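A.B. asks: Please build the complete structure, drawing on both the sequences and the hints.
In this note's numbering, the protein residues as written are 45 to 268.
Keep in mind that the hints were calculated from the coordinates and are not lab data.
Being a predicted model, the structure only gives us computed values, none of them experimental.
For each residue, glycine too, the CB sits at the ideal point set by N, CA and C.
Just to be clear, a hint being listed does not mean it is correct.
[Said to hold, decoys possible] Quick list of the computed label-pair ranges, beta carbon to beta carbon:
(1) Asn176 x Glu82: 38 to 46 Å
(2) Glu229 x Leu170: 27 to 35 Å
(3) Lys206 x Ser92: 54 to 62 Å
(4) Arg57 x Leu164: 15 to 23 Å
(5) Pro139 x Val249: 21 to 29 Å
(6) Asn212 x Ala59: 26 to 34 Å
[Unchecked claim] In silico DSSO-like pairs for lysine-lysine, Cα to Cα no more than 27 Å straight-line:
(7) Lys120 x Lys80
(8) Lys96 x Lys80
(9) Lys171 x Lys65
(10) Lys65 x Lys124
(11) Lys171 x Lys206
(12) Lys171 x Lys120
(13) Lys185 x Lys254
(14) Lys65 x Lys102
(15) Lys128 x Lys88
(16) Lys115 x Lys156
(17) Lys206 x Lys185
(18) Lys80 x Lys64
(19) Lys156 x Lys185
(20) Lys64 x Lys115
(21) Lys204 x Lys259
(22) Lys115 x Lys102
(23) Lys81 x Lys115
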Amino acid sequence: MEEIVLIEDRPERMAHLCNKKGLNLEEFEQLRIFTKKEIESLEKNLESNNFKMLDGYKIVMTHQSAWSQVKLSSLKDFCKRTNKPLVIFSGNGSPSHFHLTDPPILTIEVDKFYSPRLTLFIEHFLKNGIPNLLLLQYGNKWKLNLLMEARNNLSVFLSKNKGIKTLNYYNDAVGIPQALFSMSEELSLNLEWYEDGIAENADNVLIDLKNQLSKVIKREVFSL
Numbered sequence: 045m046e047e048i049v050l051i052e053d054r055p056e057r058m059a060h061l062c063n064k065k066g067l068n069l070e071e072f073e074q075l076r077i078f079t080k081k082e083i084e085s086l087e088k089n090l091e092s093n094n095f096k097m098l099d100g101y102k103i104v105m106t107h108q109s110a111w112s113q114v115k116l117s118s119l120k121d122f123c124k125r126t127n128k129p130l131v132i133f134s135g136n137g138s139p140s141h142f143h144l145t146d147p148p149i150l151t152i153e154v155d156k157f158y159s160p161r162l163t164l165f166i167e168h169f170l171k172n173g174i175p176n177l178l179l180l181q182y183g184n185k186w187k188l189n190l191l192m193e194a195r196n197n198l199s200v201f202l203s204k205n206k207g208i209k210t211l212n213y214y215n216d217a218v219g220i221p222q223a224l225f226s227m228s229e230e231l232s233l234n235l236e237w238y239e240d241g242i243a244e245n246a247d248n249v250l251i252d253l254k255n256q257l258s259k260v261i262k263r264e265v266f267s268l
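C.D. replies: The structure is reproduced here in C-alpha cells:
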C-alpha cells in the first residue's frame, strides 16, 4: 500500500540528484511519485479545492514551485485538516526549517532533500509508523545535530547582543530551532520563556540555557 506521495514537477532534476547521491527511490513500494499527468490532474482539482488524489497518503512531500502561493496555502490547510505531515522542498537556497505545527511542516533545500536522509526517513517511517521529519532535516544523529545547531546559534546571538536585557523569541533572531521546544521537558531544558519572552536579564537566561545545552550535548555524545 502506498503511504507517501512525492510531487516533483522537475523529474530530470530528481533523476540527476538521485543518481548523484546513489538513491533508488523506486525500491520503496510504499512511495508514490506522481507523474506529470497526475500533477496536472491534481493542479486542476486544487482549483475546486478537491484533494481526493491525496486522501490515501499519510505523508505529502512536494516541490514548492510546483504550486502558486494560493494553492500551496490550500495544500497546507488540507494537510492540517487531515493530519498529514508536509515536506516542502525548493532550490532557493534557504536553510531548512521545522515548523512546530500540528501536524509538522518541514521546509528544506532540494539538495538536502534528495540525500541519504530521505532514504533514512522513509525506512524509519515504514518500520515504525512514525514520520520523524527531524531525521530528514538532521540525519541519523538528528537529536545531537539539533542540539549543536541550537547551541551554536545561541553563541552567535549572544556575541552580537552582549548585555541584552529583554527578548522576544518571535522578533529576535535567537536561532533556537522550534523543534527543540517540543522536547524541552524530555531534555530538561528551561524554555518556558519562549512564548511570552524575557522581561529582564535575558543575557543571563540565555547563558544559562547555553550551559544546559552543553550538558545535554555531552550526555548525548556519551550515549552514542
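A.B. asks: Decide, hint by hint, whether the structure agrees.
C.D. replies: Hints, one by one, checked against the model:
{"no.": "1", "hint": "Asn176 x Glu82: 38 to 46 Å", "in the structure": "violated, 27 Å"}
{"no.": "2", "hint": "Glu229 x Leu170: 27 to 35 Å", "in the structure": "holds, 29 Å"}
{"no.": "3", "hint": "Lys206 x Ser92: 54 to 62 Å", "in the structure": "holds, 55 Å"}
{"no.": "4", "hint": "Arg57 x Leu164: 15 to 23 Å", "in the structure": "holds, 21 Å"}
{"no.": "5", "hint": "Pro139 x Val249: 21 to 29 Å", "in the structure": "holds, 25 Å"}
{"no.": "6", "hint": "Asn212 x Ala59: 26 to 34 Å", "in the structure": "violated, 45 Å"}
{"no.": "7", "hint": "Lys120 x Lys80", "in the structure": "holds, 21 Å"}
{"no.": "8", "hint": "Lys96 x Lys80", "in the structure": "holds, 17 Å"}
{"no.": "9", "hint": "Lys171 x Lys65", "in the structure": "holds, 23 Å"}
{"no.": "10", "hint": "Lys65 x Lys124", "in the structure": "violated, 32 Å"}
{"no.": "11", "hint": "Lys171 x Lys206", "in the structure": "violated, 47 Å"}
{"no.": "12", "hint": "Lys171 x Lys120", "in the structure": "holds, 26 Å"}
{"no.": "13", "hint": "Lys185 x Lys254", "in the structure": "holds, 20 Å"}
{"no.": "14", "hint": "Lys65 x Lys102", "in the structure": "holds, 26 Å"}
{"no.": "15", "hint": "Lys128 x Lys88", "in the structure": "holds, 21 Å"}
{"no.": "16", "hint": "Lys115 x Lys156", "in the structure": "holds, 24 Å"}
{"no.": "17", "hint": "Lys206 x Lys185", "in the structure": "violated, 32 Å"}
{"no.": "18", "hint": "Lys80 x Lys64", "in the structure": "holds, 22 Å"}
{"no.": "19", "hint": "Lys156 x Lys185", "in the structure": "holds, 15 Å"}
{"no.": "20", "hint": "Lys64 x Lys115", "in the structure": "violated, 31 Å"}
{"no.": "21", "hint": "Lys204 x Lys259", "in the structure": "holds, 23 Å"}
{"no.": "22", "hint": "Lys115 x Lys102", "in the structure": "holds, 19 Å"}
{"no.": "23", "hint": "Lys81 x Lys115", "in the structure": "holds, 18 Å"}
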